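Enquirer: For the record, the sequence lines run as chains A and E. Going letter by letter, the first sequence gives residues 65 to 465 in my numbering. Going letter by letter, the second sequence gives residues 7 to 247 in my numbering.
FYI, nobody ran anything at the bench for these hints, they're computed from the structure. Be careful, since some hints might not be right.
[Stated by the list, open to error] Only part of the chain A face toward chain E is listed, based on derived beta-carbon distances under 8 Å: (1) Ser67; (2) Ala74; (3) Ala275; (4) His314; (5) Glu367; (6) Glu370; (7) Leu374; (8) Gly379; (9) Arg382; (10) Leu387.
Just so we're clear, the structure is a prediction, and the values are computed from it rather than from any experiment. Even for Gly, the Cβ is constructed at its ideal location relative to N, Cα and C.
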Amino acid sequence: MTSADFVRFASRALYQNRRRSALSLVGVVIGVIAVVSLTAIGEGALRYVNDQFASLGNGIVMVVPGKNDTTGDMPLGMGGVPNDLTVDDAIAIQRRVLDIRTAVPMTVTTAAVSHRQRSRQVTIVGATSEFARLQRLELALGSFLPEGDLDRGASVAVLGHTVARELFGHENPLGSTVRVGEWRVRVIGVTARRGTQLGLEVDETVFIPTATGMRMANKSSLTRIMLQLQPLADPDVAIRRVVALLTERHDEEDVTCISQDAVVDSLGSILRVLSLAVAGIAAVSLAVAGIGIMNVMLVTVSERREEVGLLKALGATRRQILLIFLLEAALLSLAGGLLGLGLGTGAVAIGDALVPAVSIEAPAWAAGAVVTLALVTGVVFGVLPAWRASELDPVAALQGH
Amino acid sequence: MIQLEDLWRTYVMGEQELHALCSVNETIEAGEHVAIMGPSGSGKSTLLNIVGCLDSPTRGKYLLDGSDVAGLEEDALADVRLRRIGFIFQSFHLVPRLTAVENVEMPMIFAGVEPGERRERAQGALAAVGLSERRGHKPSELSGGEKQRIAIARATIMGPDLLLADEPTGNLDSRSGGQVLDLLGQLHREGRTLLVVTHDPGVARRADRVLVMQDGQIVKRVAGSKVTNLASLFEEGEAAE
Numbered sequence: 065m066t067s068a069d070f071v072r073f074a075s076r077a078l079y080q081n082r083r084r085s086a087l088s089l090v091g092v093v094i095g096v097i098a099v100v101s102l103t104a105i106g107e108g109a110l111r112y113v114n115d116q117f118a119s120l121g122n123g124i125v126m127v128v129p130g131k132n133d134t135t136g137d138m139p140l141g142m143g144g145v146p147n148d149l150t151v152d153d154a155i156a157i158q159r160r161v162l163d164i165r166t167a168v169p170m171t172v173t174t175a176a177v178s179h180r181q182r183s184r185q186v187t188i189v190g191a192t193s194e195f196a197r198l199q200r201l202e203l204a205l206g207s208f209l210p211e212g213d214l215d216r217g218a219s220v221a222v223l224g225h226t227v228a229r230e231l232f233g234h235e236n237p238l239g240s241t242v243r244v245g246e247w248r249v250r251v252i253g254v255t256a257r258r259g260t261q262l263g264l265e266v267d268e269t270v271f272i273p274t275a276t277g278m279r280m281a282n283k284s285s286l287t288r289i290m291l292q293l294q295p296l297a298d299p300d301v302a303i304r305r306v307v308a309l310l311t312e313r314h315d316e317e318d319v320t321c322i323s324q325d326a327v328v329d330s331l332g333s334i335l336r337v338l339s340l341a342v343a344g345i346a347a348v349s350l351a352v353a354g355i356g357i358m359n360v361m362l363v364t365v366s367e368r369r370e371e372v373g374l375l376k377a378l379g380a381t382r383r384q385i386l387l388i389f390l391l392e393a394a395l396l397s398l399a400g401g402l403l404g405l406g407l408g409t410g411a412v413a414i415g416d417a418l419v420p421a422v423s424i425e426a427p428a429w430a431a432g433a434v435v436t437l438a439l440v441t442g443v444v445f446g447v448l449p450a451w452r453a454s455e456l457d458p459v460a461a462l463q464g465h
Numbered sequence: 007m008i009q010l011e012d013l014w015r016t017y018v019m020g021e022q023e024l025h026a027l028c029s030v031n032e033t034i035e036a037g038e039h040v041a042i043m044g045p046s047g048s049g050k051s052t053l054l055n056i057v058g059c060l061d062s063p064t065r066g067k068y069l070l071d072g073s074d075v076a077g078l079e080e081d082a083l084a085d086v087r088l089r090r091i092g093f094i095f096q097s098f099h100l101v102p103r104l105t106a107v108e109n110v111e112m113p114m115i116f117a118g119v120e121p122g123e124r125r126e127r128a129q130g131a132l133a134a135v136g137l138s139e140r141r142g143h144k145p146s147e148l149s150g151g152e153k154q155r156i157a158i159a160r161a162t163i164m165g166p167d168l169l170l171a172d173e174p175t176g177n178l179d180s181r182s183g184g185q186v187l188d189l190l191g192q193l194h195r196e197g198r199t200l201l202v203v204t205h206d207p208g209v210a211r212r213a214d215r216v217l218v219m220q221d222g223q224i225v226k227r228v229a230g231s232k233v234t235n236l237a238s239l240f241e242e243g244e245a246a247e
């Protein structure tokens with residue numbers, strides 16, 4: 065008996081009972097769709113996170129006040145209150161740590177921004193002219209914050225795209241004066257539309273010089289310092305040197321450095337584990353679908369007892385009968401796998417079109433793995449019914465019992 | 007060709023033992039045409055199934071051409087059924103989703119005959135039973151007589167020397183039954199050994215010999231030409247004991 069004969073014989077039998085065959089496929093189809101779309105979403109999320117961090121710029125390190133103590137020890141310093149980060153700290157880092165190319169001292173607050181009757185509560189970011197380069201910010205109008213003395217902030221502002229539209233409508237805001245809290249500042253630029261970037265809604269942010277920001281808040285401290293590494297610098301070495309410098313200046317270790325690479329790595333691995341776990345759960349649904357196939361095959365075998373008896377009388381060996389029924393189960397699950405792959409890929413494509421921000425696409429390995437898994441499921445759960453068929457007593461089977 | 011020595015077939019049903027065959031002894035020569043008669047439950051079909059290697063005796067010897075088949079492995083028995091034995095059933099047992107020619111091809115599929123040769127031989131066999139023009143029809147589109155002739159074509163396709171028929175005309179009207187019996191007679195004349203289980207004295211009359219069974223035993227052996235009606239067989243049989 066050639067394999068083509070097996071396939072033809074089995075597929076004819078499946079076609080004979082096409083409604084039942086189709087129904088028994090549903091479980092496999094759903095399981096495969098679940099695996100395909102969930103792995104696609106997982107991969108999409110991973111890619112999204114990577115893209116976000118890439119647009120933030122590689123080789124970026126954030127210095128924030130406070131020791132991020134994960135060891136469970138008592139915090140260093142009396143009362144655990146960290147020293148402030150200052151503009152001088154930023155200048156010192158830029159001058160004395162050679163691994164650092166740029167240090168951007170930043171303040172982040174929220175305040176009401178108003179122009180004539182219109183007012184809006186937005187995030188106010190104090191930064192320097194370097195910020196635009198580090199963050200790859202593009203401007204729709206005017207220019208970004210001016211270069212200049214860190215101690216003497218000019219009363220100027222760059223509006224986020226949405227802020228500018230809401231305050232000015234279609235007017236050109238350049239040169240106009242807006243109020244930021246109690247302060248009046250002149251608009252010198254508007255950012256190009258950007259969207260959310262890791263929690264910072266650039267479009268809904270107003271940028272002012274760092275010194276202006278500190279003056280508005282009446283504080284001498286920074287919210288954070290953004291550092292750009294030299295192109296070939298080792299982030300770990302650079303971070304160690306920055307921490308050492310600040311520890312020396314503050315007399316205790318009271319800052320935390322967050323490297324973007326480390327965040328990407330840990331977020332990436334979390335997402336990878338999550339998407340594997342979710343895909344694993346979906347794969348369990350395939351096992352359930354396999355039980356459905358087993359059930360249908362058991363019914364099929366008991367319905368076709370006479371046929372099994374006949375095959376035995378005609379001289380089919382046990383192995384041949386086992387193969388015929390095993391192949392039916394395999395064909396069923398393979399058909400379900402391919403159908404599910406088609407539908408799942410379609411669903412992913414639709415989802416991709418509906419959510420433009422995130423590009424989702426089922427990875428090729430998942431497509432191959434899930435169809436293989438469906439096939440293996442069918443074969444595994446087809447063994448019992450097929451074995452039962454092959455073990456039937458020919459005399460009793462021919463009589464239909 | 008067939009030697010049965012002290013053949014028993016016992017079914018155990020709970021506490022009870024049911025003897026379907028009790029000590030059957032019989033020899034059937036190659037080329038013989040033998041009919042088996044007897045009331046329901048007398049063991050005719052059990053005997054036929056054992057001779058056909060579908061069932062194994064509980065005790066005793068079954069020699070097919072001198073070699074004991076009672077103790078063979080399943081696969082070896084399957085091979086005997088495939089190459090040496092052709093079965094013909096009362097209810098035809100055609101596979102409903104396959105066409106006539108595909109039904110005839112089935113044993114060759116198990117034997118691993120190439121598709122081209124298979125189709126050619128199957129069409130030849132259909133022509134031999136006069137059903138060439140029916141080759142593409144499904145069983146549901148065929149009459150009972152046609153179905154049985156297709157089953158006969160299937161039973162002979164591997165060239166077996168032993169044909170076993172269990173009530174081959176039981177589901178047929180007398181005209182198509184006659185055609186089927188003519189066909190079986192022709193196969194017998196070509197040299198095949200033919201064993202027919204039947205209730206019908208008309209069928210038994212065509213046989214060289216008739217074995218009369220009762221309660222799992224062969225109670226009488228008569229020449230086929232002597233068979234007149236069923237009742238007379240048993241009266242004489244009991245009288246002989």
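Enquirer: Give a verdict on every hint.
Expert: Hints versus structure:
Because the closest C-beta pair between A/Ser67 and chain E is about 11 Å apart, greater than 8 Å, the hint is violated. At a threshold of 8 Å, the smallest CB-CB gap from A/Ala74 to chain E is about 11 Å, leaving the interface hint violated. Annotation: interface hint on A/Ala275 violated; nearest CB of chain E at approximately 87 Å, more than 8 Å. A hinted interface residue such as A/His314 counts as satisfied when its beta carbon comes closer than 8 Å to some beta carbon of chain E; here the least separation is about 85 Å, so the hint is violated.
A distance limit of 8 Å between C-beta atoms decides the matter here; for A/Glu367 the minimum to chain E is near 12 Å, and the interface restraint is violated. Annotation: interface hint on A/Glu370 holds; nearest CB of chain E at approximately 7 Å, less than 8 Å. A distance limit of 8 Å between C-beta atoms decides the matter here; for A/Leu374 the minimum to chain E is near 5 Å, and the interface restraint holds. Contact between A/Gly379 and chain E, as hinted, is supported at the beta carbon level, the nearest pair being about 2 Å apart and thus within 8 Å.
Checking A/Arg382 against chain E by beta carbon gives a least distance of about 6 Å; that is within 8 Å, so the hint holds. The criterion of a C-beta within 8 Å of any C-beta in chain E is not met by A/Leu387, whose closest approach is roughly 11 Å, and the hint is violated.
Against the hints set out earlier in the document, violations occur for numbers 1, 2, 3, 4, 5 and 10.
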